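If you read the protein sequences in the order shown, they are chains G and Y. So for the first sequence, this note's numbering puts the first residue at 727; every next one is plus one. So for the second sequence, this note's numbering puts the first residue at 76; every next one is plus one.
Because the hints were derived from the structure by calculation, they are not lab data. Hints are all accurate, no fakes.
Only pairs whose alpha carbons sit at most 25 Å apart, straight line, appear in this in silico BS3-like list of lysine-lysine:
| hint | chain 1 | residue 1 | chain 2 | residue 2 |
| --- | --- | --- | --- | --- |
| 1 | G | K804 | G | K768 |
| 2 | Y | K146 | Y | K174 |
| 3 | G | K783 | G | K768 |
| 4 | Y | K174 | Y | K143 |
| 5 | Y | K131 | Y | K174 |
| 6 | Y | K143 | Y | K131 |
| 7 | G | K809 | G | K783 |
| 8 | Y | K117 | G | K783 |
| 9 | G | K804 | G | K783 |
| 10 | Y | K174 | G | K768 |
| 11 | Y | K174 | G | K783 |
| 12 | Y | K131 | Y | K146 |
| 13 | G | K768 | Y | K143 |
| 14 | G | K804 | Y | K117 |
| 15 | G | K768 | Y | K146 |
| 16 | Y | K174 | G | K804 |
| 17 | G | K809 | G | K768 |
| 18 | Y | K117 | Y | K174 |
| 19 | G | K768 | Y | K117 |
Since the model is a prediction, treat every value here as computed from it, not as a measurement.
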Amino acid sequence: EPEVTQTPSHQVTQMGQEVILRCVPISNHLYFYWYRQILGQKVEFLVSFYNNEISEKSEIFDDQFSVERPDGSNFTLKIRSTKLEDSAMYFCASSVGYGNSPLHFGNGTRLTVT
Amino acid sequence: GENVGLHLPTLSVQEGDNSIINCAYSNSASDYFIWYKQESGKGPQFIIDIRSNMDKRQGQRVTVLLNKTVKHLSLQIAATQPGDSAVYFCAEKAYNTDKLIFGTGTRLQVFP
Chain G
727 EPEVTQTPSH
737 QVTQMGQEVI
747 LRCVPISNHL
757 YFYWYRQILG
767 QKVEFLVSFY
777 NNEISEKSEI
787 FDDQFSVERP
797 DGSNFTLKIR
807 STKLEDSAMY
817 FCASSVGYGN
827 SPLHFGNGTR
837 LTVT
Chain Y
76 GENVGLHLPT
86 LSVQEGDNSI
96 INCAYSNSAS
106 DYFIWYKQES
116 GKGPQFIIDI
126 RSNMDKRQGQ
136 RVTVLLNKTV
146 KHLSLQIAAT
156 QPGDSAVYFC
166 AEKAYNTDKL
176 IFGTGTRLQV
186 FP
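Take these sequences, add in the hints, and give me the full structure.
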């Protein structure tokens, strides 16, 4: 069964450094998402992406965050200058369509900012 | 895992029994609902979804019930197995947004 894959599984970085989290969505999916889960909290929406542009973003997704689909298979989340509070599990997801189409999630990247 | 520290309600069931996991959602505009299963160290895994024009949907060993009047969703798992042990989340989405809103989750523990 096709799946969303994320790399790395764990990333440790120092405060102020840039990180790029990588995702390969399911190949025939057209909509891409990033969610995060801070330890002990709910899974929360960051951003959605369709047709090479951001479709919707949350208030968490400030100027420090950016997303990109650099080629036909990868989807990345960049955090320009990491803060301690960015430490979380970051989940990439994709869906085949918009609206009532289930999101399929990867296994996440655990980001630890020290 | 990421759910450590979350004050999750826990449902303990014996192997072979049926499980019912409940979820209250908040947004009257939500018209699409999904149940996810999350095992330790993994991402949310899609189980079953339901649209607001339905009140019941069945899958393999799972049934989702939707009561829009009281904004309540439930997941029924038949003949629960040890492999069903995980945290279960409901998620809701309104028609005018891409955003899935996740619930807090329920931890299901299956004992022999």
